[in-house]
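Participant: All chains should be built: construct the whole structure from the sequences, respecting the hints.
There are 2 protein chains.
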Amino acid sequence: MLWFVGTGINGHLGLSLAAVDVLKKCDIVYVERFTSLLGQTDLAGLDAVAGKKAVPVQRWFVEDGREILDAARGKQVALVTYGDPLIATTHSELRARAAKNSIKTSVLHAASGIASIMGECGLHMYKFGRTVTMMSEPNSAISVYNTIFDNLLAGCHTLVLTEYSHDEDKGAFFLDPCAAVKMLLEVERDQRHHVISEETFVVVASRMGAEDQSVVSGRIKSLAGVGFGEGPHSVIIPGPLHFTEEDALEALTMSLDPPSDNSKAIKRISSQMVERYAPKAKEALQQMHNILRLEQGDKKGMFEVLDNAELYIADAERFLLQGKHELAVLSMGYAEGLIDALRFQKGINPWNP
Amino acid sequence: MLWFVGTGINGHLGLSLAAVDVLKKCDIVYVERFTSLLGQTDLAGLDAVAGKKAVPVQRWFVEDGREILDAARGKQVALVTYGDPLIATTHSELRARAAKNSIKTSVLHAASGIASIMGECGLHMYKFGRTVTMMSEPNSAISVYNTIFDNLLAGCHTLVLTEYSHDEDKGAFFLDPCAAVKMLLEVERDQRHHVISEETFVVVASRMGAEDQSVVSGRIKSLAGVGFGEGPHSVIIPGPLHFTEEDALEALTMSLDPPSDNSKAIKRISSQMVERYAPKAKEALQQMHNILRLEQGDKKGMFEVLDNAELYIADAERFLLQGKHELAVLSMGYAEGLIDALRFQKGINPWNP
Numbered sequence: 058m059l060w061f062v063g064t065g066i067n068g069h070l071g072l073s074l075a076a077v078d079v080l081k082k083c084d085i086v087y088v089e090r091f092t093s094l095l096g097q098t099d100l101a102g103l104d105a106v107a108g109k110k111a112v113p114v115q116r117w118f119v120e121d122g123r124e125i126l127d128a129a130r131g132k133q134v135a136l137v138t139y140g141d142p143l144i145a146t147t148h149s150e151l152r153a154r155a156a157k158n159s160i161k162t163s164v165l166h167a168a169s170g171i172a173s174i175m176g177e178c179g180l181h182m183y184k185f186g187r188t189v190t191m192m193s194e195p196n197s198a199i200s201v202y203n204t205i206f207d208n209l210l211a212g213c214h215t216l217v218l219t220e221y222s223h224d225e226d227k228g229a230f231f232l233d234p235c236a237a238v239k240m241l242l243e244v245e246r247d248q249r250h251h252v253i254s255e256e257t258f259v260v261v262a263s264r265m266g267a268e269d270q271s272v273v274s275g276r277i278k279s280l281a282g283v284g285f286g287e288g289p290h291s292v293i294i295p296g297p298l299h300f301t302e303e304d305a306l307e308a309l310t311m312s313l314d315p316p317s318d319n320s321k322a323i324k325r326i327s328s329q330m331v332e333r334y335a336p337k338a339k340e341a342l343q344q345m346h347n348i349l350r351l352e353q354g355d356k357k358g359m360f361e362v363l364d365n366a367e368l369y370i371a372d373a374e375r376f377l378l379q380g381k382h383e384l385a386v387l388s389m390g391y392a393e394g395l396i397d398a399l400r401f402q403k404g405i406n407p408w409n410p
Numbered sequence: 058m059l060w061f062v063g064t065g066i067n068g069h070l071g072l073s074l075a076a077v078d079v080l081k082k083c084d085i086v087y088v089e090r091f092t093s094l095l096g097q098t099d100l101a102g103l104d105a106v107a108g109k110k111a112v113p114v115q116r117w118f119v120e121d122g123r124e125i126l127d128a129a130r131g132k133q134v135a136l137v138t139y140g141d142p143l144i145a146t147t148h149s150e151l152r153a154r155a156a157k158n159s160i161k162t163s164v165l166h167a168a169s170g171i172a173s174i175m176g177e178c179g180l181h182m183y184k185f186g187r188t189v190t191m192m193s194e195p196n197s198a199i200s201v202y203n204t205i206f207d208n209l210l211a212g213c214h215t216l217v218l219t220e221y222s223h224d225e226d227k228g229a230f231f232l233d234p235c236a237a238v239k240m241l242l243e244v245e246r247d248q249r250h251h252v253i254s255e256e257t258f259v260v261v262a263s264r265m266g267a268e269d270q271s272v273v274s275g276r277i278k279s280l281a282g283v284g285f286g287e288g289p290h291s292v293i294i295p296g297p298l299h300f301t302e303e304d305a306l307e308a309l310t311m312s313l314d315p316p317s318d319n320s321k322a323i324k325r326i327s328s329q330m331v332e333r334y335a336p337k338a339k340e341a342l343q344q345m346h347n348i349l350r351l352e353q354g355d356k357k358g359m360f361e362v363l364d365n366a367e368l369y370i371a372d373a374e375r376f377l378l379q380g381k382h383e384l385a386v387l388s389m390g391y392a393e394g395l396i397d398a399l400r401f402q403k404g405i406n407p408w409n410p
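Which chain is which? The protein sequence lines are A and B, in order. For the first sequence, the positions run 58 to 410 when this note's numbering is used. For the second sequence, the positions run 58 to 410 when this note's numbering is used.
Hints are supplied without guarantee of correctness; some may be wrong.
Identical copies carry no separate label here, and so any pair may be met within one copy or between two of them.
Claimed, not checked - Below 30 Å or equal to it, Euclidean Cα-Cα: the simulated BS3-like pairs (lysine-lysine) are:
(1) 339 with 403
(2) 109 with 403
(3) 357 with 278
(4) 157 with 278
(5) 239 with 381
(6) 157 with 321
(7) 157 with 356
(8) 239 with 278
(9) 161 with 81
(10) 110 with 161
(11) 109 with 82
(12) 403 with 356
(13) 356 with 339
(14) 109 with 132
(15) 227 with 356
Don't read these hints as lab results, they were simulated from the structure. All figures in this text were calculated on a predicted structure; none of them were measured in a lab.
Facilitator: Dropping the structure here:
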């Protein structure tokens, strides 16, 4: 039998009573250190609690998994991991492999770092959109930027986990939150969707669960002077805030600035389009009316075209207010097409009025 | 001082060693029962572990909070809650109020029900979009449906928590997963975005952390015969699946059908529009060409309009492939406007060709 045992986020003292019972009766206890924030004290504490020497193992050992599965065929084996045991996909994979090999498994859940961060920063968990991880590799910032954009449009907060790795020999590598934010500001310069600026209000959560855990909130421009120290860090970009969230941010974090709504600056591409094109279309409509009024002959069909264009511009603006974004853009394009057809026929270049 | 102590999801045995230390030294231990799945055995276990009688309190008592805050001014007070203590917004609010009243607080995180469900169903946590709660009240289903749609478009899984409440007198009320799914199928009949059908592959997680916890996966049509029993239940609608997720679903859940990708059936509204309107516009273009060819007089301007319409239809289809959804719709609308302007002038009703 293979037990997946989480330590939670408070070192070995994060182990649950149920987990301790399991560890005591296990024949072998592996402790997985690659995602690990478990220090020497915690390893010694784990040994004491389990009543046996836990075997520290590396990432490759868990990924390979054969020795663990072999042992679990005839013995009670525990794999102890930091946080909740099923958050890392490696553990979920190992569990599926065990099940396929008819090895019974059971999971002792524990505090997950991700859920704890969401709670500690005072934001409502159900308002978080997709969580992303930001690596130091520059291209990583683009998908993080897009996720923040999508989440803000949906009225959601974004938790950005930043790169963190721990190597037995080289020690810890972590991406500094200021460096992460700077990478996002660089993407903004290209994309210009007003997703992030020096005014953006963010929360930086560092070393969650450790004695020196810190949660700092403020505008990006205020973060420059803050030393965030060792990782792991995460950066939260909140969306619209409930007043209880504002209260919690001010009361429970090291608050450098009053909380503010980051979603106010952003606009859907559809809104940007209709708001930019509707006034231009109205001007062109007026121009065509003036031209047609001075002309001779049967202009009934052409006036009908202009009347329709006017209705469709109004439709576009109404659909936007109703949240029917695609219909708004379709109507806007249609109105422009109607007007420009006449402009082509009159020999006016629609794109150079 | 006020301690927020989570029990995790395994009854009182989900308490961490750190939590037990805190409970032992506290003067007063309140145990909050409104979100609670803590039975009599757990309450007795909690008393034994804490070395004192814990005081069960109702929802209103925690929401009101004054007695708790008053006690915490001079004493060591713990508020014990099911799951992770900061997931419920009530607790986060109480913590902010304590901080504003200069009462020191500390949180002992524990396994959260939400994170545990995500892990237990074998899906990758970072692929979950926004989590939603479905109430038995019929209008609730519409926003749940929209969230699933948005999440599927973004390639994300959706965790739908279903209504669950526990009343000292009336016992537990819960929404049955089959009833929840039926409500979503009804919304589909109105909205028709192919978000959900009898073929949709879902996961139903029930009573997470309890002895009789169950995780069932399969197509909606296969769920009808399954008795899911008492709540709380949640329904997961997965998006695109990684092969390790497929493996985990098959190996670790009670698998009624092979996993399948629910995002294949859905299309963005922009894609639906362009795919529906482009062929019609091409037909109308051909019709206008035929009419103009038979006519006398200077038709240069009109042919120029048709040439432009043709280019814009091609643009719309290309933008769609490039993921530029708004530009695709705008171009489609523009092409239709160009063509219809000529149809108006020729006395052809564009909407009755």
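Participant: Now, for every hint given, state plainly whether the structure supports it.
Facilitator: These are the hints, each one checked on the structure:
1. 339 with 403: So residue 339 and residue 403 pass the 30 Å test inside a copy (18 Å) and across (24 Å) alike.
2. 109 with 403: neither (90 Å within a copy, 90 Å between copies)
3. 357 with 278: Answer is neither: 59 Å inside a copy and 57 Å across each miss the 30 Å cutoff.
4. 157 with 278: between (52 Å within a copy, 26 Å between copies)
5. 239 with 381: between (34 Å within a copy, 26 Å between copies)
6. 157 with 321: between (50 Å within a copy, 28 Å between copies)
7. 157 with 356: This pair counts as neither: shortest intra-copy Cα distance 77 Å, inter-copy 72 Å.
8. 239 with 278: within (11 Å within a copy, 49 Å between copies)
9. 161 with 81: Intra 18 Å, inter 35 Å, cutoff 30 Å: intra-copy only.
10. 110 with 161: For residue 110 and residue 161, the Cα distance is within 30 Å only inside one copy (23 Å; across copies 38 Å).
11. 109 with 82: both (10 Å within a copy, 28 Å between copies)
12. 403 with 356: both (13 Å within a copy, 11 Å between copies)
13. 356 with 339: both (20 Å within a copy, 27 Å between copies)
14. 109 with 132: Close inside one copy (15 Å), not across copies (38 Å); limit 30 Å.
15. 227 with 356: neither (80 Å within a copy, 75 Å between copies)
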